[in-house]
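Undergrad: Sequence order for the protein chains is A and B. The opening position of the first sequence corresponds to residue 1 in the working numbering, with each subsequent residue numbered one higher. The opening position of the second sequence corresponds to residue 1 in the working numbering, with each subsequent residue numbered one higher.
Honestly, I wouldn't trust all of these hints.
Same chains, same label: a pair holds when it works inside one copy or across any pair of copies.
[Unchecked claim] Derived pair list, reagent style EDC-like, types lysine to aspartate or glutamate, alpha-carbon separation capped at 16 Å:
1. LYS216 with GLU254
2. LYS413 with GLU151
3. LYS286 with ASP408
4. LYS209 with GLU260
5. LYS124 with GLU531
6. LYS294 with GLU151
7. LYS413 with GLU457
8. LYS114 with ASP273
9. LYS329 with ASP224
10. LYS348 with ASP95
11. LYS286 with GLU153
12. LYS251 with GLU87
13. LYS329 with GLU526
14. LYS286 with GLU151
15. LYS348 with GLU312
Source of the hints: derived by calculation from the structure; they are not laboratory data. A quick note: this is a predicted structure, and the numbers were derived from the prediction, not measured.
2 protein chains.
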Amino acid sequence: MEDNKGNHMTRRDFLNQAGKVGGAVAVWGAMESLGLIGHSLVGAKEFQSPKISDLTAVNKNGKKIIILGAGIAGMTAAYELRKAGYECKILEARDRSGGRNWTVRNGTKETELKGYKQTAKFDKELYMNAGPARIPQHHVTIDYCMELGVELEVFSNSNEFSYYYQENAGPLSNQKIRKGTVRADTRGYISELLAKVSDQAALDTPLSKEDIERLKDFLTRNGDLSDNLTYNGSSRRGYSELPGGGHQSGKLDEPYNFSELLQSGMMNHFSGDYSYNQQPMMFQPKGGMDQIPKALEKQLPGVITFGAEVQEIRQGPDNVRIVYKTNGKTKEITGDYCICTIPLSVLKNISADFTKPMKNAIKSISYAPAGKIGLQFKNRFWEQEDRILGGITTTNMDISQIWYPSNDYLSQKGILIGYYNFGQNAIDYGNLPHSQRQARALAQGAKIHPQYNNEFESSFSVAWQKTKYSEGGWASYSSSDLKNYYPILNEPQGRIHLAGEHLSYLTGWMAGAFESARIVVSRIHEEVLKENKVSSKAG
Amino acid sequence: MEDNKGNHMTRRDFLNQAGKVGGAVAVWGAMESLGLIGHSLVGAKEFQSPKISDLTAVNKNGKKIIILGAGIAGMTAAYELRKAGYECKILEARDRSGGRNWTVRNGTKETELKGYKQTAKFDKELYMNAGPARIPQHHVTIDYCMELGVELEVFSNSNEFSYYYQENAGPLSNQKIRKGTVRADTRGYISELLAKVSDQAALDTPLSKEDIERLKDFLTRNGDLSDNLTYNGSSRRGYSELPGGGHQSGKLDEPYNFSELLQSGMMNHFSGDYSYNQQPMMFQPKGGMDQIPKALEKQLPGVITFGAEVQEIRQGPDNVRIVYKTNGKTKEITGDYCICTIPLSVLKNISADFTKPMKNAIKSISYAPAGKIGLQFKNRFWEQEDRILGGITTTNMDISQIWYPSNDYLSQKGILIGYYNFGQNAIDYGNLPHSQRQARALAQGAKIHPQYNNEFESSFSVAWQKTKYSEGGWASYSSSDLKNYYPILNEPQGRIHLAGEHLSYLTGWMAGAFESARIVVSRIHEEVLKENKVSSKAG
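Looking at chain A on its own, in the form it has when it is part of the complex (with noise of 0.2 Å):
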């Protein structure tokens, strides 16, 4: 390989230089192209943040940029931007960053539409993740945290000591079982029954003789089955008595009966942990979600102004105009481009120069409801006693998840989340006072942990769709709205542009409003080159 000036480059010196011109993830593309990883992990288009002598090339300086909203998409548009020496200005209606990305710690205080107020009494060391929690490998969000020195550590999502627990779901109904003995009971019996008519089912397939000893091998191997293609149980399901030391040779149960098994239904919940956005390993950042607006708005010094609730976006040829409230005053900001990133649940509200379609988009795309709870114990009952060090309790009662923290593990204290459900479940939990839901979550979670009764000291709670400024959990595309609205939003409006997690396929997720942002930043910086190329050959 050489490089521009006909020298040989090493690999590795190619991959720095594309390091340096275009951060981690242009050395990612570079070395897909070059064969050195495997493929199905790099987007369409590499994103090459703008670079300050991209103007200074043609004798120009950069823009005025207003961004609406200092979430993950609005932070990362201004920190891309100012790499290239753009002015950039942010307007927060609350107090602090982050947006949906929010850890409640000690004092944090909310107060929901409709009028409940909490105020968090979580010991100081403690926290809560209300909005995002986890971050798959393959995101740009893990990129962020590299480039900005987000530490990571792993976040336990799927942990088989974990339990399922199922209501109204035949014999096995209001049982723990560990997922890890419901998985083994159930690839025993699903290979047990594939590998006795393992000739007959292959019968329509292109499979040769040799394939289906290699098939039959597998499922023996894959359900643990005896030598007659029997699962009779096995020890990968646990034990009744562990081995240990001297004669303690351990002791195994009986399988679960395969007819309840599939009557609990606790299998249905498997493929949660299958799908590509949570396959582990999974991560989150040491200290809790707010690291990553933190370490984004530490960029960014001067530019957010916090408090400031916008009122009216407004455009003219060559520039845009944005009315604000803070503190009780109305104020008015001017810039040549405006990013908007407040949700659409909150932009349907504002007034603004969009077109007809556009008001209509905007207005006619669903929010999910989604809540969560955080209760906080005296004791990891959890892992002194249920030896559940992290990962994800599964449940068809209404709290749906009960999650159990993924750091300091082996502490005195700790936050559980109590709840996390969506749809009807979280619209219910959202419409009682924060008190009664504590109550319910509780109440449910004494079923499977009945040291919550003794062990419990304090909660918070967040309902998305009536936390103000957000009003929704995440943006929810039927395949219709994708059709009519998507590429409705995804226009610019003039000199209005909108990012966030809803100007993405990756909705719910961080990623979708860091890459979100990205595409606006490139096509406001391909905008502003075209323009001072014109301008310079005018002049």
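Once you have looked at the hints, place chain B on chain A.
TA: Relative to chain A, chain B alone:
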């Protein structure tokens, strides 16, 4: 529930009480008997640490216990016995504690049997766990970490983003394929095969019609099947182009051909992750596995004599006498009991007052050959370029496995485990001088990670069968050994008791050493209490 004074105790009172008396494991046992935890997690016999009051109650001080070996078993025995005031002396041949729990760092020196000498040149903040490297949630090792204040972090044992790479295995040979992709395709195909014949397959089973429908429903979810019960690929296997912002909706690839997958044998590696000792979540101490022996050693001031090589193990009716060599001088020490934790592979060559059947048993047990190499690289290309954060790549090459570090994610440098192998592969590597082990590990690893060629800095290898004072990875019992020799090894020889991972059903795990030590501690303590009672009656 009432305490022994007839007062009502809350459940928590009771457990706190149990905790004070018997430590975390007693709490756990008590929990189980209260029905507070799911079953399958508690060993047969609960361990009670000896207490100072046990001995003062019979007006007699503790005995002197000579312990051979400052590994996990030896130090645990001393730690527990000293809780009741026993005088303990540990003789340790090495100049460090921990035995096979060995973290190699900058400056670590080791000369193998037959003479190969190495000095680790790793960077100061980096390390390699040469022996045990991961802890399952249910092992007693976790209890000791809690009791001793050893902080844990997740060991990424099972990462869907790491690779399978097979040679001479059909059309998919010499390709690195992400584990999650192979799993998604395999689940897809076997779900399809079974779904299509499930009516038939269930003929011989007691499944009802409703159960068969539930089974089909499960298989459809499990395999991500289409409406016609066919597997046509799935987003779970990854993308050729990831979904992202704006119009980047993501592009899927075709699944691998099922016959080619079967020929590759990749799926036969799945079951490694299913074993009860390897299911997620797994853990490692922050800062290296040797944080465990260091924490134990801290509890044993003045107890351990390092550089003391045991020459003879002698006993009379009333005492034990150990002859050892230190700094070229022969010394001896006497005591009331001896706990010998020396591996059988080493013990067989030490002169000892054992019965003939015991000597025969000791020399009959083989030890597993096991080898590891740590490779330090200038850059964490596996994170930055392959996007693998932790986990293990699995291959049929003789390196067998590549382990990515589970700590300090996104930092600059890192140490990979370049091979971890057993049996003949371990013997083959062990027979090479270090430079050739390194060359072989680099050549094979570079097939998966071509970055090996430019990024490698330094290495350190261990061949446990050639490591002085260990001479093997762990005791490897055949079923006839368990029948013929294991019972003999577990019997005390007069005043001498054997302990260690080799006296457990958890060979190769630290938990085996911990549990075995507890058994010997209880046995000696009971004997002393009995003796004391007899002598106090006599006096």
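Undergrad: Does each hint fit the structure? Answer for all of them.
TA: Comparing the hints with the structure gives:
In the homo-oligomer, the alpha carbons of LYS216 and GLU254 never lie at most 16 Å apart, since the shortest distance is 23 Å inside one protomer and 25 Å across protomers. When the C-alpha separation of LYS413 and GLU151 is checked against a cutoff of 16 Å, the pair qualifies only between copies, where the shortest distance is 15 Å, while the shortest distance within a copy is 23 Å. For the identical chains of this complex, LYS286 and ASP408 are neighbours both inside a copy (10 Å) and across copies (11 Å), given an alpha-carbon limit of 16 Å. Taking CA atoms no more than 16 Å apart as the test, LYS209 paired with GLU260 passes between copies only; the shortest distance there is 13 Å, against 35 Å inside one copy.
Proximity of LYS124 and GLU531 under a CA criterion of 16 Å is satisfied in neither setting, with 52 Å inside one chain copy and 53 Å between copies. When the C-alpha separation of LYS294 and GLU151 is checked against a cutoff of 16 Å, the pair qualifies only within one copy, where the shortest distance is 12 Å, while the shortest distance between copies is 26 Å. Taking the shortest Cα distances, LYS413 and GLU457 sit within 16 Å of each other inside one copy (10 Å), while across copies they are farther apart (42 Å). Proximity of LYS114 and ASP273 under a CA criterion of 16 Å is satisfied in neither setting, with 36 Å inside one chain copy and 49 Å between copies.
Taking the closest pair of Cα atoms, LYS329 and ASP224 never come within 16 Å of each other, the shortest separation being 71 Å inside a single copy and 55 Å across copies. Within a single copy, LYS348 and ASP95 get their C-alpha atoms no closer than 22 Å, and across copies no closer than 72 Å, so neither meets the 16 Å cut-off. Taking CA atoms no more than 16 Å apart as the test, LYS286 paired with GLU153 passes in both settings, with 6 Å inside one copy and 12 Å between copies. With identical chains, the CA atoms of LYS251 and GLU87 are never at most 16 Å apart, being 69 Å at best within one copy and 36 Å at best between copies.
In the homo-oligomer, the alpha carbons of LYS329 and GLU526 never lie at most 16 Å apart, since the shortest distance is 36 Å inside one protomer and 81 Å across protomers. Within a single copy, LYS286 and GLU151 get their C-alpha atoms as close as 6 Å, and across copies as close as 15 Å, so both meet the 16 Å cut-off. When the C-alpha separation of LYS348 and GLU312 is checked against a cutoff of 16 Å, the pair qualifies only within one copy, where the shortest distance is 11 Å, while the shortest distance between copies is 86 Å.
The structure is inconsistent with the numbered hints 1, 5, 8, 9, 10, 12, 13, although it conforms to all the rest.
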